Amino acid sequence: MTAAPGRTGVLAQAREQVLDRGEGLSQEQVLAVLRLPDEHLPDLLALAHEVRMRWCGPEVEVEGIVSLKTGGCPEDCHFCSQSGRFPSPVRSAWLDIPGLVKAARQTVETGATEFCIVAAVRGPDSRLLSQVREGIDAIRADGNDIRIACSLGMLTREQVDELVAMGVHRYNHNLETARSHFPAVVTTHSWEERWETLRMVAAAGMEVCCGGIIGMGETVEQRAEFAVQLAELRPHEVPVNFLIPQPGTPYEDFDIVEGRDALRTVAAFRLAMPRTMLRFAGGRELTLGDLGAEQGMLGGINAIIVGNYLTNLGRPARQDLDMLRDLRMPVKALSETL
Amino acid sequence: MTAPFCVHCGRAADDGEHAPCRTSRTALEPPRFCAACARRMVVQVTPMGWDARCSRHGAYTSEETG
Ligand code: SF4
Ligand SMILES: [Zn+2]
Ligand SMILES: [Zn+2]
Numbered sequence: 001m002t003a004a005p006g007r008t009g010v011l012a013q014a015r016e017q018v019l020d021r022g023e024g025l026s027q028e029q030v031l032a033v034l035r036l037p038d039e040h041l042p043d044l045l046a047l048a049h050e051v052r053m054r055w056c057g058p059e060v061e062v063e064g065i066v067s068l069k070t071g072g073c074p075e076d077c078h079f080c081s082q083s084g085r086f087p088s089p090v091r092s093a094w095l096d097i098p099g100l101v102k103a104a105r106q107t108v109e110t111g112a113t114e115f116c117i118v119a120a121v122r123g124p125d126s127r128l129l130s131q132v133r134e135g136i137d138a139i140r141a142d143g144n145d146i147r148i149a150c151s152l153g154m155l156t157r158e159q160v161d162e163l164v165a166m167g168v169h170r171y172n173h174n175l176e177t178a179r180s181h182f183p184a185v186v187t188t189h190s191w192e193e194r195w196e197t198l199r200m201v202a203a204a205g206m207e208v209c210c211g212g213i214i215g216m217g218e219t220v221e222q223r224a225e226f227a228v229q230l231a232e233l234r235p236h237e238v239p240v241n242f243l244i245p246q247p248g249t250p251y252e253d254f255d256i257v258e259g260r261d262a263l264r265t266v267a268a269f270r271l272a273m274p275r276t277m278l279r280f281a282g283g284r285e286l287t288l289g290d291l292g293a294e295q296g297m298l299g300g301i302n303a304i305i306v307g308n309y310l311t312n313l314g315r316p317a318r319q320d321l322d323m324l325r326d327l328r329m330p331v332k333a334l335s336e337t338l
Numbered sequence: 001m002t003a004p005f006c007v008h009c010g011r012a013a014d015d016g017e018h019a020p021c022r023t024s025r026t027a028l029e030p031p032r033f034c035a036a037c038a039r040r041m042v043v044q045v046t047p048m049g050w051d052a053r054c055s056r057h058g059a060y061t062s063e064e065t066g
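Sequence order for the protein chains is A and B.
First residue of the first sequence? That's 1 in the working numbering, and the numbers climb one at a time after it.
First residue of the second sequence? That's 1 in the working numbering, and the numbers climb one at a time after it.
Next up, chain B with everything else stripped away, as it sits in the complex (with noise of 0.2 Å):
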């Protein structure tokens, strides 16, 4: 199952292209939006990751990578 929403714009996944949302920028860009409701997340960036937290979803979490 594909995740509902976009979590760089929060739209819904199949509503439209979102190539804004598949660039390079992006790509350097941590989650911002919950892929299951599209709630703006708080997001943490630390030197070797980052984590997001959902107010309903809980958190999500980088693969700490160095």
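So here's chain A without its partners, still in its complex pose (with noise of 0.2 Å):
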């Protein structure tokens, strides 16, 4: 057990702990770094980057998304215009192969290694995964060769192993938020079942890639909460996404996270996970705006998702890509992954 840190003191603590032993920090740490006043934000994201400068390197993993199937989901996750439950303007609908053969092209000509296929759904049944197997085939038959991820919610047994034989590396399932937090945001299941799929998914040995929305009402403690619940899955990679309000959902009037408080949880999710990919997700155009997104670059993150995300713009591939040039990180190449 670490003794609880004084206010500056946990910085200290983290560049010995975190930066010289690759230990992640506590939750009682973490809370300390998230209540760090203002006038420490620089030294905090300082030290970030250059604990996932020594742990995890300069390169920069950058990866394309698309929906194949928006809209419609029968969930009620308060922050989502895709739940079926709520008044949100997105109508559901379905992208055709050729589509999806589109999206990946124009995902691997900005230079990503990922390419993530999501859909709105509970989980998949049949017709979605031919879906996705017949989409693999054809990106294939493109011939492109980007790594593919998926998202299509909570997986039985069978499923993962289906996903295994498509070729499919990584599986994105976000636990959203803290445990404690989880019931106020989503009521049709639970925690723990989401965590259950990422349990099944990282046992079949496919990369665990999950993450969260911050901005959700969540309290700083649960912030911390979460940083350790995710330290704990060993994720391959986390995205951090800040909510954007999305019209006709629960949280449509929630405001938007604080720059200041954006930067200090990525950095504090950093220090938490020093190995892991740690990617910046939706909503860092509203919350963190142009200089916020190169700050975060500088503070922990060393992957992003460029282009549009599944229902909203993104700020265009070109801006990020500039951005990385000019911070001397180097794009991560498709060979030095396989």
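Just so you know, the hints here were simulated from the structure itself, not pulled from any lab data.
Just so you know, these numbers come straight off a predicted model, no measurement behind them.
Where is the CB? At the ideal position from N, CA and C, for every residue including glycine.
A hint or two may mislead.
Ranges of calculated distance between the beta carbons of each label pair, as one might list FRET restraints [to be verified]:
| no. | chain 1 | residue 1 | chain 2 | residue 2 | range |
| --- | --- | --- | --- | --- | --- |
| 1 | B | S24 | A | L327 | 17 to 27 Å |
| 2 | A | L327 | B | H57 | 37 to 47 Å |
| 3 | B | A3 | A | R199 | 24 to 34 Å |
| 4 | B | C37 | A | G22 | 56 to 66 Å |
| 5 | A | R199 | B | R11 | 42 to 52 Å |
| 6 | B | H57 | A | D326 | 38 to 48 Å |
Using the supplied hints, reconstruct the complex from the two chains, each of which is provided in its own coordinate frame.
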């Protein structure tokens, strides 16, 4: 056990514990980081950057995502415009196979090595899985060797095996928020059910991608709780989203996360998970703007989603790639990941 | 001529201010309602663009930018 750190003592502790020894912060320590006053933010970000460079290196993994099945989801995640339970203006849509092939091609043209196929469902049925299989075959037949990840909700053991057989190397399933806050966000399934899918994915040898959304009414204590719960899962990748309040959803009037809180959270997650790929995902444009995106890249982030998201637009991919060039952060190449 | 309907809320374009429809959030939102008839459109967002289809007025699509 580590003793409860003082306000800035936590940075000195983290330097020794995380930077030198590669051991992530405890929940108490993460909380101390999240409570650091603004004047310590630059030091915190600098330390998180050092940790990232030491334990992950300078490369940035670039990924594109596309929605194969949009909207009409039976679940009630309160942040989500794709839930069929809320009066959101998002209508259901299926992307056809040529559309999927084109999206994969556009993604590879940005220099991305990861392409994630996402569907708004509780879990996949046989129709969805056969669309995914057909889609992956068509992407390969197009001569595209980008690595393919999927995010299709909760899985059964058989479905995990099917995805492995299709060559899906990474599976995304977000825990979304701290276990103690989850029942306030979702009532149609439990945090534990999500955890169970993640456990099966890991057991099958797929890379686990699991993150969440900051700014859903969780307390700062719950943010710290979430960081260590993620760390316990040992995910390969953690996507960090910031809430984009969606019209028609229960969270439509929520405030967007303050830029400084967003950066503090990014750095705290890095110090909780020194070796994990930490990916900038949805909401960064709104919460952080252009300057903040750069500060995040220099504050612990080492992966990004480029281009548009599932139902929202991002900033142009070109702009992110230029930023990485200016920061002298090389984009991770496909050959190095094989 | 300006479009009769707001693509973000579907109300008549001259019905009030539409301030909530012109925020930094809606700048990151594809059109959801047809500007010609206010029908809710089927929208597909792709990594580099979007297309939106009105059952009456057909497809609208973004200039794809990289
Ligand atoms: S399960 Fe996924 S798509 Fe469905 S409501 Fe929840 S977040 Fe949205
Ligand atoms: Zn409007
Ligand atoms: Zn129309």
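Handout entry: Index of numbered hints that the structure contradicts, given in increasing order
Key = 3
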